[in-house]
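Enquirer: Start from the sequences and build out the full structure, keeping to the hints where you can.
Residue numbers (my numbering), protein chains in the order written: chain A, 1 to 1111; chain B, 1 to 469.
What the hints contain is simulated information worked out from the structure, not anything from laboratory work.
From the three backbone atoms N, C-alpha and C, an ideal C-beta is built for every residue, glycine too.
Wrong hints could be hidden among the right ones.
[What the hints assert, rightly or not] Calculated Cβ distances over 10 Å to all of chain A for the following chain B residues:
| id | residue |
| --- | --- |
| 1 | 32 |
| 2 | 227 |
| 3 | 240 |
| 4 | 294 |
| 5 | 311 |
| 6 | 413 |
| 7 | 415 |
[Said to hold, decoys possible] Negatives, chain B to chain A, calculated, CB over 12 Å:
| id | residue |
| --- | --- |
| 8 | 25 |
| 9 | 67 |
| 10 | 208 |
| 11 | 212 |
| 12 | 232 |
| 13 | 458 |
[To be verified] If you want a taste of the chain B side facing chain A, the calculated C-beta under 7 Å gives, among others:
| id | residue |
| --- | --- |
| 14 | 55 |
| 15 | 73 |
| 16 | 77 |
| 17 | 80 |
| 18 | 86 |
| 19 | 146 |
| 20 | 150 |
| 21 | 169 |
| 22 | 173 |
| 23 | 175 |
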Amino acid sequence: MSKKVFQHPAPREGAVQPWRSLEERNKSPEFLTRAEREFVDGASAAPSPVERREFLTLMGASFGLAGLGLAGCREPRHHTLPYAKQPENTIPGIPTYYASSFPGEFASQPLIVETHQHRPTKVEGNPSHAGSGRASSKFAQASVLDLYDPDRAKGSYGRDGALLAPSAVREALRALAGEAKSDAGEGLAFLARPSSSPTRRRLVKAVRAALPKARWVEYSPVAQDRAEAALGARALPDYAKARRILSIDSDFLGSGDASLEATRAYSEGRRADTVSQAESMTRLYVAESLFTLTGAAADHRLRAPSSHMSALAAAFAKEVLSLTGGPAAAIRVSGLQVDTHWIRECVRDLVDNRGRALIVAGDHLSPEAHRAVAAANAALAAPVRYVAAPDRVANASLADLAARPARTLVILGGNPAYDAPSDVRFAAAVKAAANVVRLGYHGAEFDETSALAREAKGLVLAASHYLESWSDGRAVDGTVVPVQPMIEPLFPSFTELDVIAPFAGSDKDAAALVRETFGQLSKDASDAAYAAWLAEGVLRGTVFSSVQPQLAAAGGDFSAPAVSLDALEARIVPSAHAGDGLFANNGWLAEAPDPLSRTAWENVILVSPRLAKKLSIEPEASQINELGALNRNINAVEDGKLMCRVARLTVGGVTVTGPLFIMPGLADGTVGLQLGFGRRTAGRVATRVDARLRGEVLGNGFSAYPFVTAASPDFRNGVRLELTAERVQVCNLQDHWSMEGRDILREGTVEDLRAGTDFAKLGVDGHAPAVYGKDGAMAPALKAVTTPRGNSAYEHPDHTVAPNVAVWRGHEDKFPAPQQWGMSIDLSTCTGCNACVTACQAENNIPVVGRDQVLKGRSMHWLRLDRYFSDGREHAGLEIPEDPQITFMGVACQHCETAPCETVCPANATVHDEQGLNTMAYNRCIGTRYCANNCPYKVRRFNFLDYNKREAGHYYQGPLGPEKAVKDPADLPQMQKNPDVSVRMRGVMEKCTYCVQRIQEAKIRAKVRAKDSGDVRIPDGALQVACQQACPAGAIEFGDITDPNSRVAKAKASSRSYGALTYLNTRPRTTYQARLRNLNPRMPGARKAPNTRLELDGRAHGPSHAEGAHK
Amino acid sequence: MAHDHDSFSDRPAVLDRVRPAELPRPSLVLNDRGFHWITDKVCGIVEEPTPRWWKVTFLVALFVASFTGVGLAYLVSTGTGTWGLRAPVGWGWAIVNFVFWVGIGHAGTLISAILCLLRQKWRTSINRAAEAMTIFAVMCAGIFPLFHVGRVWFAWWLFPLPNQNAIWPQFRSPLEWDVFAVSTYFTVSTLFWYMGMIPDLGAIRDRARTWWRKAFYSLLAMGWRGGNRQWSNFEMAYLLLAGLSTPLVLSVHTIVSFDFAVSNVPGWHTTIFPPYFVAGAIFSGFAMVLTLMLPLRAIYRLHDVINQYHVDNMCKIILATGTMVGYAYATEFFIAAYSGNPYEKFAFINRAFGQYAWAYWIMVSCNVITPQLFWFRKVRENHSLVWIICLFVNVGMWFERFVITITSLANDYLPSSWGYYSPTIVDIFTFFGTFGFFSVLFLLFVRFLPLLPMAEVKMVTPQADPHAH
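Expert: This is how it looks when you write it as structure tokens:
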């Protein structure tokens, strides 16, 4: 090859000659030839010359093989339009958060909403609001799914049933408003759900000012403001300050808009690790008829019929007043059959804790009872703040509306055609109206009231979801919170404010109205303050102001009607799934099991074991018989199917039919009915899939509304129960009731803590620390990094621990050891509210599998709340316990350090990462299910069918069935999916990942922040997993267990900390804090130890069989 | 030992005068049948015109086999949810059937390999069919673990193939060991079976009258000429393969039992499993051999080569292994009680008295009680009864796997997660179909390949050793 010769310019005469090397200076011939060449020696010659033939051979083979592999075929190319102008603050892949609130009838819940590319995907509590913090309720969590409800109304329809443009709707509303103006609103009536929105309140007042004769009716089947109506002021109990709480049929932890904050405050007083903390631990007494979450949290529980509760409250108040020297004589109680010893000891404890004792009464108690309770609270100097309740704007009742039908009836939200009291002829009132306007989230196809409006030739308007709306509301303490849209309404729809405004003579839109209200409520009405409010989500200084209620002297005659096995009482409560029916079409809620009965997708008639016996249903409650074997005839469970007898309940000529579910812990003569089911016109979730495939509409469960009357919406006396011959299968997620004396869930008492009993280390598991050998005493943080743990059988040969590059040697400090994630769940504070379960489902794209699949035992929840009944007897199972204790245990993947699932997976699809996570590579999973079999905690969930791709009812049609999502990008539920989490296909195992996407996100944040400092550790608290964030009780701690100052490390260092089934040497990263019960030894029936412990002691070992016994 | 030598020299004089009586060995081929008769008999089965019963049975078997085909097609297209699996029972009928079929596939190689090494000459007349049964049973077995996975199209990931993701299978997983154990067993058993057939295939080839038969059997006979050198090589190879197969007979079911024993599920996590499973497998395998051989013997009138002595021996093996299995059941209970572990205790008491007690007692009565009838010679000689008892054993052994797999999973550690498993129609049909699949293969074998090892049977006839004692 020819070599190019460089012609260097000749050096100038006399100039200083720079030289590059001694050779140049010496002008050595080797140098000169080298300098003349452009490239160094050999640079132009190929290192191993390829012969032409060889080249052709190689290339020929390459082309041939390339053609063989069809590498030339590309995926079809799609062109999308990029942003011409990047929207401000929008970074694809980075979620944006906005403040908003979940509107409640009584109080709104402040929220932070996560949006991905302007799609709201998840809600969290707003930490700016001290009362609720980051916590959120299951209903708030599930509300995101409602936004993408495929059955929601997608347009508004006129009187003739034709689709109306939004402008035409506004026109029609203005016309109606004009017509109403002519007679001062004489024939106009509004019917709405109660609301905490100040803007709505303001608008209603404006309507009533403009149209003085117009009627404004507010109706909710489960009214939450009856106590304040009786007292003239709203009572805000301070559960955090109270050390002794007596709840009289008030499920303050489990239902109602205030339950979230109540749970948060209450759990503060239940957290105790040291003796001194335990001394001031809250003690909870509960008198109730059904089993509620509050009853499950109780230390002492009294079963009594609901219709006795007013009298019982009076009896308690009387006892309080007589012990404190108050006017007790005016209270006269008769007909009450109750353990007076219980009342006496309970009240003595309350009085002994004067100033920190509190009585809360259920909303359904009589006004006199509420007044008696208020008097007792006053006598106890109870930590209750009375505030001026928002003024009432309603000027008529539903009964009044039915009695005197309006000419123009505007029905805003709710579903009165379904949930109105049975003695109110609501349908007739609608049909009698000349003009009906119905604003509903579901159209005439999927909603009883919309259908009725359609029938009455009314306007059926599509309502906006709150995540698409402008509005506002007040939190429990009165703080004004905004409701702001996260997304343009998916369909042309209207808010309540949009519909009311024309009648108030306002032509402003909802956003302007909210802005206006803000101006009136805020001290600083500037735009900056408004923007700050929207950004922060709370308006400071707007809590309700305290008032001193003018309490009439407590007194009166309280008589309890006869309730017995022969004279039954029906207690009617909102269901855990559908509430009063408004959430009926929400799959997450339908599938989240009722925490107590563990039923899903339907409601049941709850009966006490004693009543069941009287009906000669003889279930053998627990499954373990005298031999210690599982009994086949468990509470009507046959071959794994919960087969329930169908019963007919009759009262006042009205009949309700439903399956009987025997629920321990019910008052003997009380029958429990749950609202929200048995819809006649409803969407795909609220109705039975099997029926829909047959072309029928059959609601899940049965409707209990026939029993609801205007006078008695909460309970009915004199119910007759007839057993039918029919038996139906009820959908439940947990067949088994008893923990069978196993040491899975540990419980102790304050006494135990005081005595130093190691109640967290009992039973077989008491031996577990021994498996660590000499490391047994090692700090958990050290154990986490030094003890061997699951990993891949082969490490990558090139993989060495950082710093693995020579240049970083000497900078080892820049490579901190990876953080080790762990979780601790406090069983003491967990109330079983299901917020974590729903939050997990929302965060992790967990599919809803439907009733049929749940019946087959294939629910997909990564996190479940196990519920166990215990009555302290060894073989608790031979009889259904009548008065048991309930304990909940949240179980998700325990991220075992030596995970049994990892070693058995033949595909290497589940492996350990260096931060201690048991990770699941969905792509690698072939679905042998061996891991699930080998998981002692049974937390792995398998995609048996295409739950994400196909809709319930079509799972079994395989490729022949319709696909719901994959081919339709506009598929609504698909829009909820969290883009940070894979959507799993069938045949793949899945389980809790400790929200690995959140860990990654936090890691990236930490790395960005760290810059060159090397401090890439995620600080404690900067990372919260979904269940932890939602938990109102703060029962879940998550963080770095190697950091001794992290909250989780402290929780794990608690004497109550234990791991479940650790004797298997699984070394779970999720551990539990044993439940602490604060028993009053003077109470009747108080035992020395919790019932689960008594069962364990009686079953397997002596009481002293803790680990220490073997040292 | 020196003492022995001494005593040898002064052995009692009486010994010179007595002659110990030789116990008559039962004849393996009755009625003084000669070589030619044997050749005619065995080759005749292959050479005769296809009998009607064969055609009918074959069509029925094909039809039954289609159930498996349809079941699998539905399964793969729609999902594992078409089976009755649920949480917490991740393994249902598929694994039960797998272990059942693999167990059946034990007898053949045991008969041909272990009994060969132990010089049990009675094995000769049954080993061919038993080996065929083994291979077909392992094929049936293989269907289940393959198709029970959620994404069968990725099942090839179980093989350690180099790939660009540099991900290997998990070598610690017993399922991975299964892949190797079962495939090795299948390969070696097939080799062994085929190699043993070569001399007989040569005989059929030599008698073939049509060109296609000649071509077909020539191909299969691999140029067998029956020369001394070939025989010598054949014998040596046969011995070597027998030696190779012997540990495999023990290892394959040992490893299958590891699927359970290596896990931590109460009721699975048991060290007794390997011998218990092997005994159970031999038990069910022999029962299946008898189930197949008794009708074949009747159809082809093979009473002279498969005689009461063979049936007797097999019945005795069934009796012995059945008793071992029964002993294992008892041991499990003892160890569970002795462990003091409440989870273990519960698992076993629950098996016997819990929600699946019916399955447990079916298992015990079929596996432990029925074979005890083989203590009686009258029973062993009543072949209808033998056949029925063998059916019971097969049913019992299926239930044994059901009891182990299902009861342990259904009720393990957390009572909250307990459930009840029941199969769907797809489960049932897919399993039912494998009997058709098995029958199709077996019928083809009967029709086209030598049912009995002619050469070996001839070796055990009295004529083969005219100078014998």
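Enquirer: If a hint holds in the structure, say so; if it doesn't, say that too.
Expert: Hints and how they fare:
1. 32: 56 Å, holds
2. 227: About 46 Å separates residue 227 of chain B from the closest Cβ of chain A, which puts it past 10 Å; holds.
3. 240: 31 Å, holds
4. 294: Holds, because the least Cβ-Cβ distance between residue 294 of chain B and chain A comes to about 37 Å, which exceeds 10 Å.
5. 311: Given that every Cβ of chain A is farther than 10 Å from that of residue 311 of chain B, nearest at about 40 Å, it holds.
6. 413: Not fine: 4 Å to the nearest Cβ puts residue 413 of chain B too close to chain A.
7. 415: It is violated; residue 415 of chain B is separated from chain A by about 4 Å at its closest Cβ, not greater than 10 Å.
8. 25: With a cut-off of 12 Å, residue 25 of chain B remains clear of chain A, as the shortest Cβ separation is near 49 Å.
9. 67: 18 Å, holds
10. 208: 42 Å, holds
11. 212: Consistent with the label, residue 212 of chain B stays out of reach of chain A, its closest Cβ about 36 Å off (over 12 Å).
12. 232: Holds, since 43 Å exceeds 12 Å.
13. 458: Given a closest Cβ separation of 46 Å, the condition holds.
14. 55: 35 Å, violated
15. 73: 9 Å, violated
16. 77: 4 Å, holds
17. 80: 5 Å, holds
18. 86: 3 Å, holds
19. 146: 10 Å, violated
20. 150: 2 Å, holds
21. 169: 6 Å, holds
22. 173: Interface hint status for residue 173 of chain B: holds (4 Å vs cutoff 7 Å).
23. 175: Holds, because the Cβ-Cβ distance from residue 175 of chain B to chain A comes to roughly 4 Å (cut-off 7 Å).
The structure does not agree with the numbered hints 6, 7, 14, 15 and 19 stated previously, though it agrees with the rest.
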